[in-house]
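Student: As a plain string of letters, each chain reads:
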Amino acid sequence: MCNPQSVDIVASAEDRSTIDIDSTDREFVEMIKRVGGPNIQSCYQCGTCSGSCPAGARTNYLVRLIIRKALLGLKEECISAPELWYCTTCYTCTDRCPQDVKPTDVIKAIRNIAVAEGHMLKPHQSVALKVLEAGHAVPLDKESWQKLREKVGLEPVPPNASRYHETIEEIRKLAKKSGFDKLIAPKEE
Amino acid sequence: MAKHKFYHFLGCIIPHRYPSIEKAARIVFEDLGLELLDMEGASCCPAPGVFGSFDRVTWATIAARNLTIAEAGGHPITTGCNGCFASLWDANHELKHDEELMKTVNDNLAEINREFKGSIEVTHYVDALYSIAGLEKIRKHVTRPLTGVRMALHPGCHWMRPAALKQKDNSERPHIFRELCETSGATYVPYKDELICCGAGGAVRTADVKVALDFTKQKFNSLLEAGGADIIVTPCPFCELQLDLGQVEIKKHFDLDYQFDILHVVELLALAFGHEPEEFGLSTHLQYMQRKSEPNWERLGLKT
Ligand code: SF4
Ligand code: SF4
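Note that the protein sequences, when read in sequence, are chains S and D.
Letter by letter, the first sequence follows residues 0 to 188 in numbering that gives the first Met the number 0.
Letter by letter, the second sequence follows residues 0 to 303 in numbering that gives the first Met the number 0.
Just so you know, these hints were derived from the structure itself, not from any lab.
One or more of the hints may lead you astray.
If you want a taste of the chain D side facing chain S, the calculated C-beta under 7 Å gives, among others [unchecked claim]:
no., residue
1, Val49
2, Thr146
3, Thr186
4, Val188
5, Ile195
6, Gly226
Glycine included, every Cβ here is placed at the ideal spot set by N, Cα and C.
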C-alpha cells in the first residue's frame, strides 16, 4: 500500500501534549449535531469504523480519532486537518457502526464547519465554481466532448444546463441566496 | 398496462464524458418498453460528496431544484449514476423527513419561483431494471448471451448504502446488482475487494488523485489475485471513469499496467440484447481514446 507523499504519517510532538480541557470548544459537538451529525455522542470508540475504512488503510485519516477529538472539543485540530478530506463517503463505517453514529454524516458535518470557517482546498473551490459557471461540476467545456457525443449517435449538446442557460442563472441566484457564492469565493492570500 | 415513464436525469459524467452510457441506456430502456423523458434544464445533481461536504443546505437546494423539474411532470426520476442517485434520492428523503430543512430550501427556491413538494420518487437504473422491468423480461431480450465471458463486478457505494436508509440490498452481501448482470449470460467472478469503494468519491479524486487511484489499484490487484476477469461491470459512470481512465492515470503516476475493459451495466445489457458496440460507441471510453486502443473484442466474444 502506498504512503502518498502528501501525507505526513508522523505525529508531531504537539499532538502528543496533554489536552488542556479548559481551552477546548464545548460548542463544537452541538454544532456538529446541528449541521448533520446528530448521533455523534453515541460513539463508544470501538474502532469498527476505522477498521472498515478504505481511506484509513492508506492514509493518516482515522475516522474514530476525528470523532474522539470532536467529542473532546478539539475543534481547530478537526477542521484544519488535511486528512479530513480523504474520506470517500463510501458509507461502509455507517453500515457497520454498532452505535448508529453515522460516522460519514459526522465527517460531512465537520467538513461543512471547516468550509464555513475558511478551510477549503483550492481544487474543491474550483469544482464548486464550475457549477456556478456552467451548471455542472464536470462541464461540456471542449468541442471534443461534443464530438464524442456525436460519435455515439447523440445530439452534440444534451438537454441539461449545457443547453439551457437559464439553469445557470437559477443556480447562481440560489447560491447567492444561500451565501454559497461568498463561501467559495477565492480568498485573499 | 400503461407504459412506465421516467425523467432521465443525466448528471455530468454520463452526458459529458461517457456518452456511450447515455446511448446504451436509451437503447436498453426502449427495448424494454420503458420511456425516458428529457429533463430539460437539469443541472449537476450536485455531487453529494463534494457539495454535501461543503454546505448541506446549498447541496439540498440545488438537488431540490432538479427534483422540482420532475415534480412538474409527475413522473419518477431514473439515473445511471451512483452519485446523482445519492444526491437526488438522499435530498428527496431528507427534505421529506426534515421540516426545518424543507422550509429553508423552499425559502431559497422561492427566489427562482420554484417549490419542492415531495411528490415523486427517485430511482437508479438498477432499480428500474430490476424492480420495474424485472429479470424475467430482461432475460427474454437477451439474444446474444455473453457465454464464457468472465465478469467481475464493482457495485460501488451509493445506490445501496447507507443500507438502513436505502433499504434495498444487504450491503455486505449484495445480490441485486449481481443478478441483474448475470442475465447477460456472463460468468460472475468474485474477488475479495469487490465491495470497496473505487476511490473517486467524497471529493477525494479532486483533492488528491493519487490517493484515489491507490483504492483502484487495490481493487485491480485483488481481482488479479482471484484469477482476473474479462470485464468489470459497474452501475456508475464516476466509478467507470475511475476504473477506465484510472488505468491510464495509474500508468502515469505509478508506472503500472492494467488492461481491463470496463462496462456500465446498461452497456453490458445493450450487448446482450444483440446490439453492436458501434450502436452506442463502446470504443469511445476514455481509456481507449487516450491509449489509442480498442476494447478487447476477442475477450468480449464479439469479434475474432
Ligand atoms: S464504529 Fe461507531 S461507535 Fe465505534 S468508534 Fe466508530 S463511530 Fe464510534
Ligand atoms: S465513509 Fe469515509 S470514513 Fe467511512 S469507511 Fe468510507 S472512507 Fe472511511
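Student: Confirm or reject each hint.
Tutor: Checked hints:
With its C-beta approaching chain S no nearer than about 6 Å, Val49/D sits inside the 7 Å limit, and its interface hint holds. For Thr146/D, the interface hint is violated, the least distance from its beta-carbon to any beta-carbon of chain S being 26 Å, above 7 Å. For Thr186/D, the suggested interface contact is broken, since its CB lies about 27 Å from the closest CB of chain S, more than 7 Å. With a cut of 7 Å, the hint placing Val188/D at the interface with chain S is violated, because the nearest CB-to-CB distance is about 21 Å.
Of the supplied interface hints, the one on Ile195/D holds, with its beta-carbon coming within about 5 Å of a beta-carbon of chain S, less than 7 Å. With its C-beta approaching chain S no nearer than about 22 Å, Gly226/D sits outside the 7 Å limit, and its interface hint is violated.
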